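Chemist: Now for the letters of each chain:
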Amino acid sequence: MRDVYIIGTGMTIFGEVWQSSLRDLYVEAALKAIGDAGVDHIDSMYVGTMSSGLFVGQEHIASLLSDYLGSGGIPSTRVESACASGGLSVRQAYFEIASGASDIVLAGGVEKMNDGGDVTYALATAADQEYEAFHGVTFPGLYAMIARAHMHQYGTTREMLAEIAVKNHENGADNPHAQFQMKITREAVLQSTMVADPLRLLDCSPVTDGAAAVILCSEEVARKSGHPLVKIRTSAQATGPIALHARKNPATIPAVATAAKKAYQAAGTTPEQLDLVEVHDCFTIAELVVLEELGLFARGKAGQAILDGQTRRSGKIPVNTSGGLKSKGHPVGATGVAQIIEIVEQLNHTAGKRQIEKARLGLAQNMGGSGGSCVIHILEGLS
Amino acid sequence: MIVPRYSREIPQRMRLEAGKCENCGYLAFPPRLICPECGHKDFSNVALKPEGKILTYTIIHVSADTFSTQTPFPVAVIETVEGARLTAQVADCHPDELAIGKKVRLMTRLIQRESRGGILMYGYKAVLIR
Chain E
609 MRDVYIIGTG
619 MTIFGEVWQS
629 SLRDLYVEAA
639 LKAIGDAGVD
649 HIDSMYVGTM
659 SSGLFVGQEH
669 IASLLSDYLG
679 SGGIPSTRVE
689 SACASGGLSV
699 RQAYFEIASG
709 ASDIVLAGGV
719 EKMNDGGDVT
729 YALATAADQE
739 YEAFHGVTFP
749 GLYAMIARAH
759 MHQYGTTREM
769 LAEIAVKNHE
779 NGADNPHAQF
789 QMKITREAVL
799 QSTMVADPLR
809 LLDCSPVTDG
819 AAAVILCSEE
829 VARKSGHPLV
839 KIRTSAQATG
849 PIALHARKNP
859 ATIPAVATAA
869 KKAYQAAGTT
879 PEQLDLVEVH
889 DCFTIAELVV
899 LEELGLFARG
909 KAGQAILDGQ
919 TRRSGKIPVN
929 TSGGLKSKGH
939 PVGATGVAQI
949 IEIVEQLNHT
959 AGKRQIEKAR
969 LGLAQNMGGS
979 GGSCVIHILE
989 GLS
Chain C
1419 MIVPRYSREI
1429 PQRMRLEAGK
1439 CENCGYLAFP
1449 PRLICPECGH
1459 KDFSNVALKP
1469 EGKILTYTII
1479 HVSADTFSTQ
1489 TPFPVAVIET
1499 VEGARLTAQV
1509 ADCHPDELAI
1519 GKKVRLMTRL
1529 IQRESRGGIL
1539 MYGYKAVLIR
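Taken in order, these protein sequences are the chains called E and C.
Its first residue numbered 609, the first sequence is counted upward by one per residue in our numbering.
Its first residue numbered 1419, the second sequence is counted upward by one per residue in our numbering.
Hints in this document: simulated from the structure, not taken from any laboratory.
Hints should not be assumed to be uniformly reliable.
Example chain C residues on the side facing chain E (calculated, C-beta under 7 Å, incomplete) [what the hints assert, rightly or not]: (1) L1473; (2) T1474; (3) T1476; (4) I1477; (5) V1480; (6) D1483; (7) V1493; (8) V1495; (9) R1503; (10) T1505; (11) A1506; (12) I1518.
Fair warning: this is a prediction, and the values are worked out from it, not measured in the lab.
Don't be surprised by glycine CBs; every beta carbon is placed ideally from N, CA and C.
Produce the entire structure from the sequences given, and follow the hints as far as they go.
Modeler: Written as C-alpha cells, this is what we have:
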C-alpha cells in the first residue's frame, strides 16, 4: 500500500442555502478543492450522500455530479453509510490511491436537506425501518435513549451534555464556515424546546445544506505540488447493529471502539498522542459517548472532564475545534469530509482563531445512524 | 408500504415469534438466518412471552409526519423475560410514571396508518404492569 496525502480542500457555506441545488453545492466544493490543490485533472471521484433520493428525489448522482463537474467521463462512485457517507467517500479514495490504481482522486460529500422533504422521516431511514422507525422512534429519540441509559449507569447529568453544546458553539463562533457562528449559554440549552426527552433542541445538530471536498494524491504528486504535507496515517472502519435494541448495552456505541482500535493499531499511535479530534456530535450525548469509545476518557468519566474544560481549545484534548456538527452544521453526507478539512487546516496551521498550537496529529471520527457504522481517519502534518 | 411488506412481519408483530439458536440459545427477534453470537444456522421458532422490563426510554416530542398527531409519546427499549430485545411505544401512561427497570406487558395495538392506502398496521406496544 502506498502512502496517501491530502493537498486540497473545498467547502460551501453550511446552512439553509436556498439559492443552491444539490448539484451546485457539490460542484462548488469540488472546484474549490481542485483549485486549492492546483491539479490539472483528477483520475476519479467519489460522492458521499445519505439520501439524495428522499431529500431531493434524485438518485444516480455520481454520474450527474461528474457531468456537472465537467470531468470528461471519469469514473464516479456514490458511497452511502448514512451520516458516515462522507468519511466513507474519503476512505474509498484513500484505497484507490494506496493501491496504485490512481494518483489524484476527488473525495466529496453533499446533502441538500432543505428542499421540502420530511427530514425527520428521511433521517430515521438510517435506523431499522421495520423494528425501530415503524414504532415511531426518531433519531433524536434513539440518542435520547442512549443518553437516558448513560445517565442511569454512570450518573451523567444534563449539565454535562449542555456544556458540550456550549463548547462547540464557542468554537463555531470562530469558524467562518459554520452555520451558527454564535455562542450559547448553558441556560439556553437547558431551557430550549424538548425534542426527545432528555434531549432538547440545542442538544441537536441542525438541518443543513452543504458540501465539502478534498483532493487525495500519491506522495510523488504531493511533493511536486509544493503544498504542506498532510499524510493520512490510517483509515479504519467498523460496523455494528443499526438497531439500538440489538446492542448489548444501550449506553455504548461499540462500532466506534472497534474502528478506533483498528485505527490506533494501524497508525501505531495511542489516544494520548493525539493533538486534537473531530467527533460526530450529531447530538451532545454522541460526543460524550464517542470520547469514551475512542479511549480518550474512561467509561463514565467524559462528562466530568467536559465540565472541567478538558475538551476546550485550551484543554488536554481539544474536541471539535470546528464547532462540530452542532455549530458548524450537519449536511449528513458532507460531514465526514468537512471534519477532515478541519483537521487538515489545523495541521497546516491555517485555522485562524481556532488554531491549536503545535498540532501535528489529528483524528476524525464519523458515524452513521445510532452508531451502526463508524469511519475513523488519523492525519499527520509533516511540514 | 405494499401489503406483502407488512404481512410478512405479522408473525413478529402479532405473535412475537423469534428464532432461538439451537447451539447457543441466542434469541433472534426478528428471526435471522445465522446466529450473530456463534455462527450456527439452525433455529427453532419460539413465541416470546409478552412480558419484560424497560432498559431505556424517551418521550418523543418531534416526530415524523406519520406520528405527528400522537406527540408526545414514549418509546422504550424492552427486554423480554427470556432476554430478547425490542423497541416499542409505551401506551396508556403518564411520562412521569416511566423508569428504567419498570415491568411491562406487550399488547397488540394500532401502530400507524399507511399514508396513501390507509392500511391499518398493527403491532406490539408496551403497557406498564401496575
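Chemist: May I ask which of the numbered hints given earlier this structure violates, with the numbers listed in increasing order?
Modeler: none
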